[in-house]
Amino acid sequence: MPFGITPELIAQITIIGVVFFALQISAAVLVYMERKVAAFVQQRYGPYLVGPRGALQPLADILKLIMKEELRPKSADTLLFYAAPVLSATAAFAAFAVVPFGADTTFFGLLDRPVHLAAADVNVGLLVIFAITSMGVYGIVLAGWASNSKYSLLGGLRSSAQMISYEISYGLSFAAVIMLAGSLSLREIVDHQAGYWFGFIPQWYLFIQPVGFFIFLTAGIAETNRAPFDFPEAEQELVAGYHTEYSSMSFAMFFLAEYINMVTVSAVATDLFLGGWHGPFLPESLGWIWFLIKVGALLFFYVWMRWTLPRYRYDQLMAFGWKVLLPLSVINLLVTAAGVLYFGA
Amino acid sequence: MTDTAFYLFAAIAIGASLLVIAQRNPIYSVLLLIASFGALSGLYVLLDAPFVAVIQIIVYAGAIMVLFLFVVMLLNAPHEDTDYDERVHPLLRPGPMKLGAALALGLAAELGWALSRGGDTGAFGDAKVDSVAAIGRSLFTDYAFPFEVTSILILVAMVGAVVLARREDPR
Numbered sequence: 003m004p005f006g007i008t009p010e011l012i013a014q015i016t017i018i019g020v021v022f023f024a025l026q027i028s029a030a031v032l033v034y035m036e037r038k039v040a041a042f043v044q045q046r047y048g049p050y051l052v053g054p055r056g057a058l059q060p061l062a063d064i065l066k067l068i069m070k071e072e073l074r075p076k077s078a079d080t081l082l083f084y085a086a087p088v089l090s091a092t093a094a095f096a097a098f099a100v101v102p103f104g105a106d107t108t109f110f111g112l113l114d115r116p117v118h119l120a121a122a123d124v125n126v127g128l129l130v131i132f133a134i135t136s137m138g139v140y141g142i143v144l145a146g147w148a149s150n151s152k153y154s155l156l157g158g159l160r161s162s163a164q165m166i167s168y169e170i171s172y173g174l175s176f177a178a179v180i181m182l183a184g185s186l187s188l189r190e191i192v193d194h195q196a197g198y199w200f201g202f203i204p205q206w207y208l209f210i211q212p213v214g215f216f217i218f219l220t221a222g223i224a225e226t227n228r229a230p231f232d233f234p235e236a237e238q239e240l241v242a243g244y245h246t247e248y249s250s251m252s253f254a255m256f257f258l259a260e261y262i263n264m265v266t267v268s269a270v271a272t273d274l275f276l277g278g279w280h281g282p283f284l285p286e287s288l289g290w291i292w293f294l295i296k297v298g299a300l301l302f303f304y305v306w307m308r309w310t311l312p313r314y315r316y317d318q319l320m321a322f323g324w325k326v327l328l329p330l331s332v333i334n335l336l337v338t339a340a341g342v343l344y345f346g347a
Numbered sequence: 015m016t017d018t019a020f021y022l023f024a025a026i027a028i029g030a031s032l033l034v035i036a037q038r039n040p041i042y043s044v045l046l047l048i049a050s051f052g053a054l055s056g057l058y059v060l061l062d063a064p065f066v067a068v069i070q071i072i073v074y075a076g077a078i079m080v081l082f083l084f085v086v087m088l089l090n091a092p093h094e095d096t097d098y099d100e101r102v103h104p105l106l107r108p109g110p111m112k113l114g115a116a117l118a119l120g121l122a123a124e125l126g127w128a129l130s131r132g133g134d135t136g137a138f139g140d141a142k143v144d145s146v147a148a149i150g151r152s153l154f155t156d157y158a159f160p161f162e163v164t165s166i167l168i169l170v171a172m173v174g175a176v177v178l179a180r181r182e183d184p185r
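Protein chains in written order, with this note's numbering: chain L, 3 to 347; chain B, 15 to 185.
Mixed in with the good hints there might be a few duds.
[To be verified] Just some of the chain L residues that point at chain B, by a computed CB distance under 8 angstroms: (1) Val130; (2) Val139; (3) Ser187.
These are calculated hints, taken from the structure and not from any lab test.
Heads up, the beta-carbon is just placed ideally off N, CA and C, and yes, glycines get one too.
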């Protein structure tokens, strides 16, 4: 084929496209799931008018958001006001690029050489996710500043303080897994979790690192600004936090970014602690089904948490992050290091 | 391909760095500095040092610049006021300006001298620094002392910051 286009290249481009659209669709599905679960928790029906059992509600929501008028405060910083939601959404999409979601595949023999089921295979993948997550803060902070509104600014500042505080515990829970697997590549970390102990307990890092998993999930909820840690948009005190002044598609982009970040955190948790695409009953080539099931379960957990736990107070959140979670993750790291030294990796 | 990428990243790094000092809104300065760090990180990738590239983003663009932005936003520093600055600012009096010009000339001369000596920039030698394991090993063996000293330096700075920021006991 001309221009150096190989079947592998086409396959890779297809994967990238699939990941991109799957992420967008996952946001729509999550909106529906969130509303239905919320309704279930609160003993309501939830959306039921648009489509069967309200399944087309997200489409109606998107249509509504597109039709809405785009408003901008008079004294806002025009460039940054419009750049901030784009930055948020870009960071959210980019972080998923290095997340592998299945074993290497030849697409049922279509290709000569197997390709990785990930948009990009980077050997420092875990750090790339960490780096892009830390870039995502800017979208929120800049939105808060550029809106030139006190609620937005306070929301943005809270968000940056919160994300910086929890990023440390987040990173330390990564580090413990990295020590166990001896690799920064998510694919290799997943492959370390193949197989079973005693023939039936899967060798997931969840069972070696229960504390690490807890820290990761907690810090992950804080990183994605979800309840019970959703201070950047605490309605009772800040109207809507950093996106108070946003409307129409700019608002939709923050929304999209939040849901995609949830998907990414769940996918990374699946790869790090839940054995990725390894699972019983299914052949290796269909492992991505296991991956989807695990990510779905974690996302359900996320939504469940939101409608179960009340929001913390801001000082409680900071105290919890610095005085409980951080010492816990340092101790976890030390114990893991001692264990790796004693038992061998 | 690699050359094109190099010139692209280099142009972004230099252009963004110039703009950091060339325009007056401090928030934009911070953002342009982040862009410059991003371009530097791209250069590290071209040098086959992905670990350093990612650390550059995490530490500088991610952690340190968020704090910069935080401070600039909290102080809500206005646009630099030129008329006011020119009358009052101590650095804009004739004496300091002459000193600054002299220092700039000195820097330019040093740069020229360094560039004229170029050409004998040898490779790194046998020490491979591309893998994370290799970086970790050399950090904790050959460079263990500077590494630990740096961490103590940072600890001292941290304790200093806490002491300075501590509220006085009301008693």
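Does the nearest C-beta of chain B fall within a distance shorter than 8 angstroms of the C-beta of Val139(L)? Status holds, d = 6 angstroms.
Can the hint on Ser187(L) be confirmed by a CB-to-CB distance to chain B that is less than 8 angstroms? With a closest approach of 10 angstroms, the Ser187(L) hint is violated.
Given Val130(L) as an interface hint, is its Cβ closer than 8 angstroms to any Cβ of chain B? holds, 6 angstroms
In summary, the structure is inconsistent with hint 3 from the numbered list given earlier, while agreeing with all the others.
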